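The primary structure of each chain is shown beneath.
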Amino acid sequence: MSGARRGLAEVVTVVVAGVVAFPLFWMVLTAVKPQDEVISADPVPWTLRPSLDSFVRALTVQNLGRYFLNSVIVALAVVALSMLVAFLAAAALTRLRFRGRTTMLVMLLVVQMVPVEALTVPLFFLMRSVGESVPAFGLNHLGSLVLVHLAFSLPFAIWMLRGFVAAVPVELEEAATVDGASRSVFLWRILFPLVAPGLVATSVLSFIHAWNDFLFAKTFIISAEDNQTLPLALQVFVKPDQNDWGAIMAGSTLMTIPVLVFFVLVRRKLVSGLAGSVKG
Amino acid sequence: MTAGPATRGQGRAALAYLAPALLVLVALLGYPVYQLVVISLYDYGQEQVSGGAPLTFLGLANYGTLLGSAKFWSVLGQTVGFAAVCVVGSLALGTALAVLATRVRPWARGALFLAALGAWATPAVAGSTIWLFLFDANFGLVNSLLGLDGFSWTYGKWTAFGLVAAEVVWCSFPFVMITLFAGIRAIPPEVLEAAALDGASAWRTARSVVLPLLRPLLVVVTIQSIIWDFKVFTQVYVMTGGGGIAGRNLVLNVYAYQEAFAASEYGLGSAIGVVMTLILLAVTGFYLRALRRSGEVL
Chain A
1 MSGARRGLAE VVTVVVAGVV AFPLFWMVLT AVKPQDEVIS ADPVPWTLRP SLDSFVRALT
61 VQNLGRYFLN SVIVALAVVA LSMLVAFLAA AALTRLRFRG RTTMLVMLLV VQMVPVEALT
121 VPLFFLMRSV GESVPAFGLN HLGSLVLVHL AFSLPFAIWM LRGFVAAVPV ELEEAATVDG
181 ASRSVFLWRI LFPLVAPGLV ATSVLSFIHA WNDFLFAKTF IISAEDNQTL PLALQVFVKP
241 DQNDWGAIMA GSTLMTIPVL VFFVLVRRKL VSGLAGSVKG
Chain B
1001 MTAGPATRGQ GRAALAYLAP ALLVLVALLG YPVYQLVVIS LYDYGQEQVS GGAPLTFLGL
1061 ANYGTLLGSA KFWSVLGQTV GFAAVCVVGS LALGTALAVL ATRVRPWARG ALFLAALGAW
1121 ATPAVAGSTI WLFLFDANFG LVNSLLGLDG FSWTYGKWTA FGLVAAEVVW CSFPFVMITL
1181 FAGIRAIPPE VLEAAALDGA SAWRTARSVV LPLLRPLLVV VTIQSIIWDF KVFTQVYVMT
1241 GGGGIAGRNL VLNVYAYQEA FAASEYGLGS AIGVVMTLIL LAVTGFYLRA LRRSGEVL
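Chains A and B, in that order, are what the protein sequence lines are. Note that the first sequence covers residues 1 to 280 in the working numbering. Note that the second sequence covers residues 1001 to 1298 in the working numbering.
Think of the hints as simulated: they come from the structure by calculation, not from any bench. Computed from a predicted model, the values in this text were never measured in an experiment. One or more of the hints may lead you astray.
Derived DSSO-like pairs: lysine-lysine, alpha-carbon spacing no greater than 27 angstroms straight-line [said to hold, decoys possible]:
1. K218(A) with K1157(B)
2. K1157(B) with K1231(B)
3. K1071(B) with K218(A)
4. K1231(B) with K218(A)
5. K1071(B) with K1157(B)
6. K1071(B) with K1231(B)
Could you put together the complete structure from these sequences and hints?
In C-alpha cells:
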C-alpha cells in the first residue's frame, strides 16, 4: 500500500478509536466535573475545576461503597468456585477416557445457549425454597447470586479451560507417573500451575459475568437493600427528571474501572483464549 | 490420567472430578429448565405463590393465550427486528474495522484495539447510563451539538430502539472485530501473494480468496451475535425504563420479566421463556452444524 493511503487509513483508524472511546471519556470527565458544569445546557469537553464531589456524593449519600463491596464479594466467590470446579471438570474431560465423554462435551456446548434470562422464574422459586433451609443462599442474600452465576459461568469456563489443559503435553504426565506421582499430585502440583494462564483468562470472563449482572440482582434481592449489588444501586440515582448525573457517572466509573483494568492486564491471554475457544 | 483405553479407574476418577460441576449444572440449570416448562403449564399467579389458592393445571392454555395475543406477535417482531439491526450493525462495523486494522501500523491498531476493549469491558448498566446521559434531553452532549434542546430520544419508539441498538452495537462489535482480525492474520501471506501475482484486484482477492477462508469464522461470530442480541435485557430495561412508555420498546426477555414479576403472571412469563428457549435452541442447532462443517472435532 502506498504511504499516502496508509496514512489516510491511520487517520480513519484513530478517528474511529476516538469515537469508540468517547463515551468512556465523557463518563470520567463528567464524574470529575463540578456539579454546575454537569448540568450545563452547553457542556464542554474539558473542565478547569476538577472535583471529586460526585464521587463523595456517590459513596456517602448513596452508600455506593457498600454495594461495591457486595459486587466484589459475589464476583470473587464466583471466580474462585468456578475456577476450582471448572479445572477439575476440564481435566477429566481432556485427560480421562470414560463413557459419555463426548455426550458431556456436546451438552456443555448446548447449555451455553440456554437463554439464562428465561430461567428467572424457576430460579426465583428455587432460591425461595433454598432460603428456607440454607439461609445465606436464599432470596435477599448474596449467596443466591453466587450460585446462579456459578452455574452460568461453568459451561463456558470448562469449555475454555479444556483447550489450555489439552495444550499440556502428555509426556509430562507420563514422566510424572514414572516418577511415582499420584493422580492428585500431578493434578495440583503439575497441571494446575501449567494452566494458570488459562485460569486467568477464564476467570476474567467469569468475573465480568457476575460483575455485570443486573437481572438476577434485581430479581433475587427484593427487600434487603444492603445486599444489593452495584448495577442495581446505580439505578437508585436515576429518578424521573432529577437525575444526579454527576453521581451516576462517578458510580459508572467506579463500576467500569476494575473491569477495564482486568481487561487491559490480561488482554493477550484473553484474545488467545477466545481464539482457542472459537476454534475449539 | 493418560488418555488411553477406558479403564474402571479412569471412569471412577472422572466421575469424582466431574461431580461438583454436574451437581451445580443439574441443580441450577437442568432442574430450572424442567421447572420452567412445568410452571408454563399452570395458572401461576400471586395467589398461588402465597399459597392462597390451589394450582390449576392449564395444559397449553398459557401458550394459547400467548399465541392468540396481538401483543406477543408485535413483541416477537420487535425482538427479531431489533436483534437483526444489532447483528448487522456489529458485524458490518466489526468486519470493516478488522480489515482496516490489518492495513495500518501497530500504533494506530493499538489505539483502536484499546478503545474497543474499553467498550467491550464496560458493564451493561454503566454503558447504558453513559449513553443515556450523552443523549439526555437537557444536559446531553448530542442535543447540545445538534441544537435539539429538550428533544427526548427515549420517548419515541423508534428513536428509543435506535439509541439502545447503538449502545448494543458499541459494546458488541469488539468481539467481532478482534475475532475476525485474528482470522485474517491467520491467512498465509503466500496465498495473498499468489493472488496478486495472478493479477487479481483487491476486490477480487477479498471475494474469492479471503472470504471463503474466513467463512467458518464469520458463521461463528454471526450466530454468536444472533444468540447474544436476541436476548438483550439490561440495555433495553435500563435505557427505556423497563420497556418504554406503554411497553412500546418491549423485547421478549423484558416482556417475560414484566409478565412474571410485575404482573405476577408467572405461568405466562414462563411460557414466553419456553418460546424464547425453543427459538434459541433452533439457532444453536445451526450453530452446531456450522461448527461441524468448519472442521470442529469434539
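**Prompt:** Does K1071(B) pair with K218(A) here, judged by a C-alpha cut-off of 27 angstroms?
**Reply:** holds (25 angstroms)
Below or equal to 27 angstroms on CA atoms is what counts here, so check K1231(B) against K218(A). holds (17 angstroms)
Is it true that the CA of K218(A) sits at most 27 angstroms from the CA of K1157(B)? holds (25 angstroms)
Holds or violated: K1157(B) and K1231(B), Cα atoms, limit 27 angstroms. Distance of about 19 angstroms is within 27 angstroms: holds.
Practice prompt. Would you mind confirming whether the straight-line C-alpha gap from K1071(B) to K1157(B) stays at or under 27 angstroms?
Written response: This hinted pair holds, its Cα atoms lying about 15 angstroms apart.
Next item on the list: Assess, step by step, whether the Cα of K1071(B) is no farther than 27 angstroms from the Cα of K1231(B), and give holds or violated.
Entry: holds (18 angstroms)
Hint compliance for this structure: every hint is met.
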